[in-house]
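Here is what each chain is made of, one letter per residue.
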Amino acid sequence: MNRRLAVFALCAGVAAACAPQSRDTSIADGLPASLGLGRTATPAEIAAIDVDVGPDGAGLPAGSGTPEQGVAVYRMNCATCHGNDGEGHVPLYPQLIGGPRGSFNFANDPSMTRTIGNYWPYATTIFDYVRRAMPFGTPRSLTDDQYYAVTAYLLQREGIIQPGTVIDAKSLPAVQMPARSHFVVDDRAGTTGGKNVR
Amino acid sequence: MSPRPRPISRRSMIAGTAAAAGGALLAKLPTSAEAQQATAAPAPPAPPVAGDPTKAPGAPTTAVGERSPFVQPKRAPVGDVSGTTLSPLQDLAGTITPADLHFARIHSGIPTIDPATHTLLIHGLVDRPMSFSVGDIKRFPAVTQIHFIECSGNGRAAYRMPRPDMTPQQVDGMTSQSEWTGVPLSLLLRETGIKDGAKWFLAEGGDSCLLARSIPLAKAYDDALIAWAQNGEPLRPEQGFPIRLLLPGFEGNTNVKWLRRIKLGSEPFMTRWETSKYTDPILGGKARQFSLEMDAKSIITSPAYPERISAPGWWPIRGLAWSGRGRITRVDVSTDGGVTWQAAALRTPAMPKAQVRFELPWHWTGNDSFLMSRAVDETGYVQPTMAELRAARGPATEYHFNCIRGWRVGRDGAVAFEANT
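So the protein sequences, as listed, match chains A and B.
In terms of our numbering, the first sequence opens at residue 1 and continues consecutively.
In terms of our numbering, the second sequence opens at residue 199 and continues consecutively.
No lab work stands behind these hints, which were simulated from the structure alone.
Keep in mind that the hints are not guaranteed to be accurate.
[Claimed, not checked] Some chain A residues near chain B, calculated using beta-carbon distances under 8 Å: (1) S34; (2) R39; (3) T40; (4) P55; (5) F106; (6) A107; (7) L142; (8) F183.
[What the hints assert, rightly or not] Sample of chain B residues at the chain A side, in silico, Cβ under 8 Å: (9) S306; (10) L319; (11) L323; (12) V341; (13) A410; (14) P414; (15) Q487; (16) F488; (17) P547.
Each residue gets a CB set at the ideal place from its N, CA and C atoms; glycine is no exception.
Excised from the complex, chain A in its bound form (with noise of 0.2 Å):
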């Protein structure tokens, strides 16, 4: 081999280390379409786990409730941690509501509390989150109409939607959260070589 091709094959090969992994996918040769293992989910099977809700209303159950239902919910149910007003027992059990608004200053200032006002930025994952985890100790107790109202509550008490407003599916993933534009999806893909530190 001359000088110039050793060369060349070196730098391939060194640029073949260095490149970023991906899966060998080998694993699939000579495998037939399919190994016939697993069996087909029913509808029920997966209706039995499928509560996910998306942010735009994707998997809200029927059902509704108002900030004034949601009151007797939220004392019956989440006040023993989070506090009467949703102040919480921080830092044993996270503050809700009564976030400094107004700025979006996280970033630079750590005592700035992120509650669901000024941090939340869809609506549905306050339903979602609080129907899957709530309350701590027996979650998914509530009914859905609980669970709709003591949203209702928590929105209302951040002063995001107005006395007597019903949440319920459709109303739901319409509310504006006032956190929502700060939100970007990372968008450092391929641009932090080197000392591009983002």
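Fit chain B to the supplied structure of chain A, relying on the hints for placement.
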């Protein structure tokens, strides 16, 4: 409860205990930063040794081995139902974390799951929604790979509230590395097929909060695994028994434990763990979502607080380096606070998205020294200083604290943590 006073041994000093939950129904919810601030507590004394071990037979075999009574590494803090327990990095060698010392971040306790009845549902934008038993999953071709997992909040306390008496465990104990065995997720998706428009998948755990994250579908075709074994044995309950998602290089919480459901969709699902939590406030009044890849990072694990260098002479500077974007290509070490740097030796193979052990022989002359390590990965990314990271993301950013950290060595040999780099 307070730790009992005990003699201090040099290498086995452990990070402290936290107040145990003690039967409280509602969990203590410390921030990760607080977990990393747990006070260092002294280790128990070494056991007495009876005479010369070559003069009489030793102990018989046992079903399950135990550590030497002279070695007592411990995670800390412990006792929380929603919290973190940190891995004792200063007590570990090589790059594999013993499974029982792997850090654990749990959001709603550690569930007990019967593998005979547990299933993984894959549905949404698929041709055929399917349910896989754990037995089914183990019958697929299995791969075994070494990868680190790191909580995206790792290093928060050292970034926000540094103290000179922080141990490697307290600085960076929310990362560990294991050999994982499982089936590539892409092989399961071969069975279900995928529909046009599928771009994301939701991964949901079977703990009581049903922790769920949205992941770009491309990751499923890159290197995502459904892992069922760790370091040669079934997963530990706190690591997701019987199955977990393993996303090499992605932030810890996306490696969903106790995996019960994967749903394909066209957009992210915007769960609480990708909106209210695990998003990064950055400068310019923004918060960054889906910052999933862990930036290159390193930490010196020895010498480190609470060690004391006993005399001038040759001392190894040892540590760990890793990147979520590929292999570590170089680790530089400075003993003068970043004025000069030397390339450390990589003592283990540099594998993609895996921790590597680096080492630099160092002759300590007895002078004040300031030790730092700086990782470089195969994308060319260079681990930034604290000042560079603060300038890029802000002093109060919330996750992804991958800056250079250091240890100051005094003339008396005492070693203290130094965050300002």
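**Asked** Which earlier hints turn out false for this structure, listed by number in ascending order?
**Response** When the structure is compared with the hints, numbers 7, 11, 14, 17 turn out to be violated.
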